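Colleague: Each chain, letter by letter, is given below.
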Amino acid sequence: MSNGLIAVAMSGGVDSSAVAALLKKEGQPIVGMTMQLWNQRRLPELSTETSSGRCCSIDDVYDARYVSQFLGIPYYVVNFEDQFEQHVVRPFVDDYLNGRTPIPCTLCNNFIKFETFLEMASGIGAEKIATGHYARVSFDEPTGRYQLRRAVDATKDQTYFLLGLTQAQLSKTLFPLGHMLKTETRELAREAGLPVAEKQDSQEICFVPNGDYAAFIAAYAAEQGIALPEAGGDIVSQAGEVLGRHAGFHNYTVGQRRGLGVAAPEPLYVIATEPASNRVTVGSPADLLTTRLSIRDMNWISIAAPSDPIRAQVRIRNRHIPAPATLTLKDGLVEVEFDQPQRAVTPGQGAAVYDGDLVLGGGWIA
Amino acid sequence: MAYFDHNATTPIAPDVLAALVPVLSESYGNASSIHQHGQRAKQLLETARRQLAARLGCSPKEIVFTSGGTESNNLALAGSYRHIITSSLEHPAVAQPLARHPNLTVLQPNADGLITPAALQAALRPETGLVSIMHANNELGTLQPIAELAALAHDAGALFHSDGVQVPGRLPLNLNALGVDLYSLSGHKMYAPKGIGALYVRPGVELQPQLFGGRHESGRRAGTENIPGIVALGAAAARPLSSLTALRDRLESGLLAAVPDSIVNCAAAPRLPNTTNIRFAGLEGEALVIGLDLRGFSVSSGAACSSGAVEPSPALLAIGLTREQAKSCIRFSLGESNTPYEVDSLIAAVAASVAHLRKLSPTYV
Numbered sequence: 000m001s002n003g004l005i006a007v008a009m010s011g012g013v014d015s016s017a018v019a020a021l022l023k024k025e026g027q028p029i030v031g032m033t034m035q036l037w038n039q040r041r042l043p044e045l046s047t048e049t050s051s052g053r054c055c056s057i058d059d060v061y062d063a064r065y066v067s068q069f070l071g072i073p074y075y076v077v078n079f080e081d082q083f084e085q086h087v088v089r090p091f092v093d094d095y096l097n098g099r100t101p102i103p104c105t106l107c108n109n110f111i112k113f114e115t116f117l118e119m120a121s122g123i124g125a126e127k128i129a130t131g132h133y134a135r136v137s138f139d140e141p142t143g144r145y146q147l148r149r150a151v152d153a154t155k156d157q158t159y160f161l162l163g164l165t166q167a168q169l170s171k172t173l174f175p176l177g178h179m180l181k182t183e184t185r186e187l188a189r190e191a192g193l194p195v196a197e198k199q200d201s202q203e204i205c206f207v208p209n210g211d212y213a214a215f216i217a218a219y220a221a222e223q224g225i226a227l228p229e230a231g232g233d234i235v236s237q238a239g240e241v242l243g244r245h246a247g248f249h250n251y252t253v254g255q256r257r258g259l260g261v262a263a264p265e266p267l268y269v270i271a272t273e274p275a276s277n278r279v280t281v282g283s284p285a286d287l288l289t290t291r292l293s294i295r296d297m298n299w300i301s302i303a304a305p306s307d308p309i310r311a312q313v314r315i316r317n318r319h320i321p322a323p324a325t326l327t328l329k330d331g332l333v334e335v336e337f338d339q340p341q342r343a344v345t346p347g348q349g350a351a352v353y354d355g356d357l358v359l360g361g362g363w364i365a
Numbered sequence: 000m001a002y003f004d005h006n007a008t009t010p011i012a013p014d015v016l017a018a019l020v021p022v023l024s025e026s027y028g029n030a031s032s033i034h035q036h037g038q039r040a041k042q043l044l045e046t047a048r049r050q051l052a053a054r055l056g057c058s059p060k061e062i063v064f065t066s067g068g069t070e071s072n073n074l075a076l077a078g079s080y081r082h083i084i085t086s087s088l089e090h091p092a093v094a095q096p097l098a099r100h101p102n103l104t105v106l107q108p109n110a111d112g113l114i115t116p117a118a119l120q121a122a123l124r125p126e127t128g129l130v131s132i133m134h135a136n137n138e139l140g141t142l143q144p145i146a147e148l149a150a151l152a153h154d155a156g157a158l159f160h161s162d163g164v165q166v167p168g169r170l171p172l173n174l175n176a177l178g179v180d181l182y183s184l185s186g187h188k189m190y191a192p193k194g195i196g197a198l199y200v201r202p203g204v205e206l207q208p209q210l211f212g213g214r215h216e217s218g219r220r221a222g223t224e225n226i227p228g229i230v231a232l233g234a235a236a237a238r239p240l241s242s243l244t245a246l247r248d249r250l251e252s253g254l255l256a257a258v259p260d261s262i263v264n265c266a267a268a269p270r271l272p273n274t275t276n277i278r279f280a281g282l283e284g285e286a287l288v289i290g291l292d293l294r295g296f297s298v299s300s301g302a303a304c305s306s307g308a309v310e311p312s313p314a315l316l317a318i319g320l321t322r323e324q325a326k327s328c329i330r331f332s333l334g335e336s337n338t339p340y341e342v343d344s345l346i347a348a349v350a351a352s353v354a355h356l357r358k359l360s361p362t363y364v
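Protein chains in written order, with numbering that gives the first Met the number 0: chain H, 0 to 365; chain Z, 0 to 364.
What the hints contain is simulated information worked out from the structure, not anything from laboratory work. On a predicted model such as this, the values are computed, not experimentally measured, just so you know. Treat the hints with care, since some could be wrong.
[Unchecked claim] Restricting the straight-line Cα-Cα distance to at most 20 Å, the calculated cross-link-like pairs of lysine to aspartate or glutamate (EDC-like) are:
#: 1; chain 1: Z; residue 1: K358; chain 2: H; residue 2: E126
#: 2; chain 1: Z; residue 1: K60; chain 2: Z; residue 2: E205
#: 3; chain 1: H; residue 1: K24; chain 2: H; residue 2: E140
#: 4; chain 1: Z; residue 1: K358; chain 2: H; residue 2: E114
#: 5; chain 1: H; residue 1: K171; chain 2: H; residue 2: E114
#: 6; chain 1: H; residue 1: K171; chain 2: H; residue 2: E118
#: 7; chain 1: H; residue 1: K155; chain 2: H; residue 2: D356
#: 8; chain 1: Z; residue 1: K358; chain 2: H; residue 2: E118
#: 9; chain 1: H; residue 1: K127; chain 2: Z; residue 2: D292
Next up, chain Z with everything else stripped away, as it sits in the complex (with noise of 0.2 Å):
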């Protein structure tokens, strides 16, 4: 089996979790406790948010952890505002906590898939509290100009949130640079566990707590700390980067010059180094992914829905595509365990199912 799903979810790394196997066995403590085991656990909840903060370019008392990243999104957006920016790009875990809010502003991305910095200009106004728009696309793998947005965004007087879940397992990052004022991150994107992530709260930004109880993180988010979690999360954030850029272009060059009619979305656009979503004209994208799944390959269109069958992506409408072109569309997202053999056989097997499935349809000429 080999897994090109990576934007879905990476496997815990095998040095994480030889981090963070002794955690879950020993190290119990409750970090709240003034006793040894307490104080272990302290020790191991700081060291992680040290290990964290030096991945992000950013100091450790900036960093919250929560239960992951819609967690963070939704902590991060909970504050009151006038009026609020977003894009249609966004995961549900940012549209979804905004959609309700009565003075929303969602702007589109051009064919690129980017937001432009001439687009948020034309958005903001003076009641303009917060700007939330993601990093890096999961489905399209684009990456926002968000240094220029989150530049605008305090040029009006308003904060500036990104959901970067995509990023920190796949490029370095500085988020003082980026000038952001919060980032929200997912462990189970960067070789983490899921159930832990993180908000960055840059200093001075107020947030409204989601969860009330005792004064864990700073009064920020209650809950006894998920120690294992976090331990895990720090371990993942001080590895080295391995680059998918070699990889990921091998893959697409390759499907191209196998596959005819086939279309890299946003090809134009700053991607991450591990995505490639491509069109291949006149099928069915669920009936190739599955195809793929039966010979041993993961890989992924659209979004699911709670029944697990698959909807057209949301971003890829968002790009212009219509319904029939977001449905031919695959997303494969490599991660470093991705070998050079395997994309090869990939390549061979969607070329095959592509082959295969363009003869039985109809529409395809």
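One chain only, chain H, in its complex shape (with noise of 0.2 Å):
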């Protein structure tokens, strides 16, 4: 079946329906597929008033199905919800019952977008996908690798959500979006006439309303007679000493400052969180500064594993400018060495390397 057929990811918003229309005009064929990730009626007491910008609302669906409509293509809704909870929503859960910082998205384009998906589309006869994500990917010859680069528009780049895509994920995935402005995505939305052009950007995890991720683990918890930690546990400095009580150190983010209700004459910030302790330990600002960190289930795409340590730049959180450091390979793990103390590193959290615009690959904080 060659037929060149690509499958575009739609969730409804203003840029995978900007890279439908981009595919259409060019010619290619096209098919448009939103995945069902999450049932919005499941854990009714996080409903709230607003669902748009929610995965997998109803209007973002309406949405999504207008556009398709509009540019005159098959369109389908794909049912993953299984493989959504299994690979992303329970890992999110375990997570912060383990005293780390999980990254959902990046979870989601591993198994979900770049493994689920791809294997509907091609089990559908396509033999590409495309995302509206702000990335690039190209073949590079001498090495005989599929590259992945930083987007053109350093404010959307996703590629530290990307830092676990494989060469044969790559090799099968079109970014049309990587080459472009944000505002050029929405002139060209708004040139092609679709019914999404102005539509708003969602933001927070797309499962977890308005962002409180604790009344979503309490209530996915409660549902699935998951035992939550103890309500309340002790907060400590880092000398040991008792400041206060936490109500459940899942709460708790690493660098998180507000909340802690601990009266001190500097602000405090938490440093760890310790599930086998029961603890949430707190400092200064200085006492977020850490210079090393281990990468684990590293990942290297645009280059082979090094032999010997390399210079590059890693990226700690997805806002995070990527600083220098000298990496290492040891015992499984990548040492990270920076050049200058980096803020508030976030057991669980993803660990981008780059040189320059090259993602050299990523894995996770250990």
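Put the two chains together into one complex, using the hints given.
Modeller: Have a look at this one:
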């Protein structure tokens, strides 16, 4: 079945709609598909007035369907709720309950958008998938590798969330917006007359209403019969001095300042959450600084795993400016030594390794 | 494009359309009016009622026209009963109205997809007021032993309702012989349009109206009669049945021969002559449905949810399949316009698609 068919992952937002419009304009054979990932009627205690911008809201499916009709392309909604729960929601909750701060978007990319969706696309006879991610992919003849590069629009670059992509996945993936500025995407959507051209961008974690992840964890744990950690424990200084009480360590994130309820002469920040001792350790801004971290499950993308130490830049949060560092492979981990101390290195978050625009690879902060 | 999803809905048959169109343009009277426009509408209404009664083997006055199968089921189930028995195979139009009942027994089918008389007998109680078991399952095509089940219900002093929307377009019916008290049907499953249906009500059965207004349909269903829809339903009921058994069997045996590891669900049960539900081990039915659609074949898998995504069919889970197994099932439902050529093309397309999907599947060895 060599027909060049491209399956476009359509969320109902302006970016993926623009991708469909762009490919259609180029005359490519395309099919639009929306992933149904989470049933918003589950956990009704979390329901909010505004459903738009949340994953799989009926409004977003309506928009994606409308855009497909407008473009005259076939369109389907595919149900990945089982896989999304298994690979994204459950690990998200488990991570928090184990004192880590997960990034579900990366898990979703690794296991759903570039795995389950890619399989579905291949299954229906498509040869490639296209998404609205801001990133660039190209094939490098000398090394024989598909390379991932940061988006031209630095403010929209999403490579941090794509750090798990494999060569096989990249070989079947198109990111048509990687060369465009967001303003150009909107302009393209307007010129094409897309009904979603002025739609607001979605922001938070899609299945967590209003970004209130603690409420989500509580509701999901209750539904699944997962025991939550003790509601109370000590908030301690790095010296072990008890400064106050916390309401369950899973409600805290490294680097968090607000909501500690501890009076102190200088601002206090969460340094670590410790499931074993049920403690939350706090300290000064200086205590948040570290120069070293280890990356586990490193996925090398644009280069093969280097045998010698390399110089690169490492990004430890989506909004973090990649910081120069020396990387050394050791015992299956990548040991990172930053040139300058970095703030709030958070276990469970991703670490993406760059050489300028080029994404060398990425993994998880151990 | 070849359409193999007639249990979802049927196209309007050409002769039904021919009866319907002049009514839309010319016979616009209100059947309650005294003048000749009204009288003409009333004649059309009662002619259609007689046509439908003849098809169902009942008396015209036992028919209440409704807006479709969902309304018929809601109307049939609205009475107050101390205990109700139903099955896990029911369509949401039965399952949802009953879900709020505080004293409900839900019977499970056996592995062949059948609700056995013994299972019903064991569930009947002195206070059982109503039993509702669907006649033919939309997903599996299985036909329940309605006459036996209805007799058992009556012996226990209970009324018997059956959701029969899949049956009148496919099989001869005699509701008097079947012995049901209430029977729901739908126009768009039998080559009439959407928006029209009917409820059979045995004399002496008290209905609790759900719409309040004028005294239409002998006070059982208020609202100006949908004369075009009713005429179309009557015309559909007056059409001869075409036998689809040979074509279905051609499809079924062709698929089993062309696709390894394929199993017909509930093959041992009596089934509708137009339906086959097949499990293709090791693949996602959703991908097969979409792949076939892109090649011009309309089939279905599971139950559509509000977004349009597919959920595993409750009926398939009810006969004991796992979620994974239920997701790998496809329903093929034939109609009278399908041809042997279409069937053979479908077999070839399914065989190619299944082979392609299994090659990609990490779980299929």
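Colleague: For each hint, tell me whether it holds in the structure or not.
Modeller: Right, here's what the structure says about each hint:
no. : hint            : verdict
1   : K358/Z - E126/H : holds (15 Å)
2   : K60/Z - E205/Z  : holds (14 Å)
3   : K24/H - E140/H  : violated (29 Å)
4   : K358/Z - E114/H : holds (16 Å)
5   : K171/H - E114/H : holds (11 Å)
6   : K171/H - E118/H : holds (11 Å)
7   : K155/H - D356/H : holds (13 Å)
8   : K358/Z - E118/H : holds (11 Å)
9   : K127/H - D292/Z : holds (18 Å)
The structure does not agree with numbered hint 3 stated previously, though it agrees with all others.
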